[in-house]
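Student: Start counting the sequence shown at 32; every next residue gets the next number (this note's numbering).
Simulated from the structure, these hints should not be mistaken for laboratory data.
Mixed in with the good hints, there may be bad ones.
To be verified - The calculated lysine-lysine pairs, modelled on PhoX-like cross-linking and capped at a C-alpha distance of 25 Å, are: (1) Lys619 / Lys631; (2) Lys217 / Lys306; (3) Lys606 / Lys620; (4) Lys306 / Lys349; (5) Lys363 / Lys288; (6) Lys701 / Lys605; (7) Lys605 / Lys586; (8) Lys586 / Lys540; (9) Lys540 / Lys560; (10) Lys631 / Lys586; (11) Lys628 / Lys670; (12) Lys670 / Lys636; (13) Lys518 / Lys605; (14) Lys619 / Lys606; (15) Lys36 / Lys363; (16) Lys586 / Lys606; (17) Lys631 / Lys620; (18) Lys217 / Lys288; (19) Lys36 / Lys560.
No experiment lies behind these values; they were computed from the predicted model shown.
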Amino acid sequence: MTVSKWAWVVPEVDEEAVKQLRQQLGIHRLTAAALYQRGLHTPQEAQAFLRCDLSDLGDPFSMAGAAAAAVRIAAAIERKERILIFGDYDADGITATALLMRALQNLGADVAYYIPSRFTEGYGLQAAVLEEYAAAGFQLVITVDCGINSFAEMEAARQLGLDLIITDHHTCFPGIRTAMAVLNPKQAACSYPEKQLAGVGVAWTLVRALYATLELPPEAAYQFLDLVAVGTIADVVPLVGENRILVKHGLARLSEKPLPGLAALMQVSGSADAKLTAMQVAFTLAPRLNAAGRLEEADPAVETLLAGPAEAEAGAKKLDALNRRRQQIEIKITAEARVLADAQADAPALVLWQEGWHPGVIGIAAGRLAREFNRPVALIALEGAEGRGSIRSVPGCNVVAALQACAEHLLKFGGHAEAAGLTIAAAELEAFRQAFSQAVAAQEYTEPALPVVAETHLAELTLALAEELESLAPFGQGNSEPVFLIKGAEILQAQQVGAQGDHLRLTLKQEAVVQNAIYFGAGEQRLNKDERQELIVLPGVNQWQGRTLLSLQVKDMRPAAADSTPVIVDQRHKKVSEQWLVRLAGEKKLLIWVNTKAAKTGLEKLLGRRAEVTQLGRRVDYTQTYDALLFYHLPYQRKDLEQLLQQLSFSYTPQLYLCYGAEEAALNEKIFAATVPAADTLQQLAGCVSQAEPILTAAKVQGKLRQQVTHYLIKEAQVVFKEIAAGQCTTWPPQESQLQQSPTYRRYRRVLARFRAYQDFWLRATADEITAYFLNPEQLALEEEEI
């Protein structure tokens, strides 16, 4: 059975606004819906989003502290002062360090960098390091991706005579900052429009301000956009606003003219010849840059990004080897953590610890477990009396806020809503576990949701649409890939693929469309091929052997919920061909309604066993489930059809095909006339006899009249005639007015009125009216005309 991983959310949209986007931008309706879902409700907003131009970036001088910092750095370069870049050991900090190093070296600065050890120093600005570099003659220190809450270290720098510039993007805690300039768009006094920049984005904004101060053209800073893109993607900040602009242009530079270090990393990761997406960067380049700081020191990663082509190749190979080692350690930690998690099965958050876990790898393992268990996960690597932990969250839960609520149990912590780090005394672990779980529970965040653009059909997911949707890229946090809901799909084939059989290659069918798809990470799911599925799919573009192909990736799946609301396929007053019927019967489990034996025989001969044909709802195999009910003739008697519908089972959403018209309505009138006597029939019959009893000799009647006068009619006519005679009938044959004296005749007329009203309903009703009747037959009230 398939197990869904997410809550699916298909938001309501303003159909008129989506229509305006589609018409004015000349785009597919699904692309327009995806733009609307992103909050782009007017053509002007959508055009700006699609333009994604560097000219739309904010003024770098509107970032608080940027102007003062740029002037101070320019002065340091001019006076040949020694400058230190104090960085961080993750990919964001590494790329930010390399960016500032390259930007200042290009200007002739005397600049060096320092990245603390994850294992001996930990995250953030270090007072001891400031003392060391002050003693060595450095006069200016610039932090990247750290320092915003290092209040004591800021004061230490001031007392050492060091000018300190902070560039950071983490949450700003209350306190007095004594640095000479602080750049962080999250600080209250900052008017820079983009608040969600990564650390490398803040560093690049400083470079823009510096280059402008030195009267260099804006384009001079563009050469570093590949570093900005990699760091931004690696830090998982929202890819909206300026971040999306930076990443899009940075990815273009990666494909066209990457730094030697990044080109070497692309080579060892097997992505050198690819046009990289944000997701590919996240899974290929970012882990290799992170591996150095996770397992050893981060310096080799920085050196690789600063190196020329020859040195970069050796550096990239070392980072690749470290990443392979990191993967093995991660697998081991994840497996051990799963065992520990059993004891906290019902906890709002998992807080797990163990001696011997590698503190540089627990963050990745925590992220994997958070996705698996759909809750925040804290993994803590114990070493004696102290532990260092990493926390990864799920959408809607702010783990930094949760940490602030239980700060009394921690020695140190920091981070942002989605990820955080901490240091804790071993004696506080159990108290912290309880306090953190309570703080997470108090946030009352909802289960992970997968935003779906719209419901569609496989037939609508084309290569042209997939190529158009790529204009919304790069995709990532805050700018999710546009995924779509497919209902009632059949799984024709499911095959495990991948080295460990971790994935499924699927063959999907909906209506007449068959399409292959891949479902990553679903290798263990067992699919019931007789059970239809609802799927969330991502259309994409795949390059294969020089060909451009549509690819479909299944993101989530669940058994299709039966929907009793029918789909009406209106073919009334249209002549359907035999070829169309044959094709439809080949695509669906089909039940066909006819009113005559001749039609039943003809269709059975045409379709064979590909469809079942019922005359007036008789002899239906109710053990079968059907995809569709096709009305080749108008339903004849209401009770017959409603009895059929009451017992009929549909495999999924019922489909009703209306394939009749005025010709079939006339046929029903003839059938009715052969079973219920009309006024002219009774009058002609009465003219053949002198009194009621001799009707039994009516066999003398010839031609059409003879065919209509059955034994049943004769018996019924006797009743009518006796009722008329009782009313003192004076003329013979009786006239219409005299026939009305008979209760039986009046009953005939009411039956005829109901019959014709029912026929008129099936000829003229709208799809909504037929749907309402299908769902609640007893609610159908028909207007019967006087006859």
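Student: Are the hints correct? Go through all of them and say.
Tutor: Going through the hints against the structure:
Annotation: proposed proximity of lysine 619 to lysine 631 holds, straight-line Cα distance about 19 Å (limit 25 Å). Using a Cα cut-off of 25 Å, the hinted pair lysine 217 and lysine 306 is violated, with the two alpha carbons roughly 33 Å apart. For the proposed pair lysine 606 and lysine 620, the alpha carbon gap of about 22 Å is at most 25 Å, so the pair holds. As the CA atoms of lysine 306 and lysine 349 are separated by approximately 24 Å, the hinted pair is consistent with the 25 Å bound.
As the CA atoms of lysine 363 and lysine 288 are separated by approximately 38 Å, the hinted pair breaks the 25 Å bound. Proposed proximity of lysine 701 and lysine 605 is supported: the alpha carbons are some 21 Å apart, at most 25 Å. Proposed proximity of lysine 605 and lysine 586 is contradicted: the alpha carbons are some 41 Å apart, above 25 Å. A hinted pair counts as satisfied when its Cα atoms are at most 25 Å apart, and lysine 586 with lysine 540 qualifies at roughly 17 Å.
Distance check on the hinted pair: lysine 540 and lysine 560 sit about 11 Å apart at the alpha-carbon level, within 25 Å; holds. With a C-alpha separation of about 45 Å, the suggested pair lysine 631 and lysine 586 falls outside the 25 Å cut-off, and the hint is violated. Between lysine 628 and lysine 670 the CA atoms are separated by roughly 19 Å; this keeps the pair inside 25 Å, and the hint holds. Among the hinted pairs, lysine 670 with lysine 636 is inconsistent with the structure: their alpha-carbon atoms are about 28 Å apart, more than 25 Å.
Annotation: proposed proximity of lysine 518 to lysine 605 is violated, straight-line Cα distance about 28 Å (limit 25 Å). This hinted pair checks out: lysine 619 and lysine 606 have alpha carbons roughly 20 Å apart, not beyond 25 Å. Our distance criterion of 25 Å between C-alpha atoms is met by lysine 36 and lysine 363, whose separation comes to about 24 Å. At most 25 Å may separate the alpha-carbon atoms for a hinted pair to count; lysine 586 and lysine 606 exceed this at roughly 42 Å.
For the given pair, lysine 631 sits about 17 Å from lysine 620 by alpha-carbon distance, which is consistent with the 25 Å threshold. Distance hint between lysine 217 and lysine 288 is unfulfilled; the C-alpha atoms sit about 32 Å from each other, more than 25 Å. The suggested pairing of lysine 36 with lysine 560 holds, with an alpha-carbon distance near 20 Å, which does not exceed 25 Å.
When each numbered hint is compared with the structure, violations occur for hints 2, 5, 7, 10, 12, 13, 16, 18.
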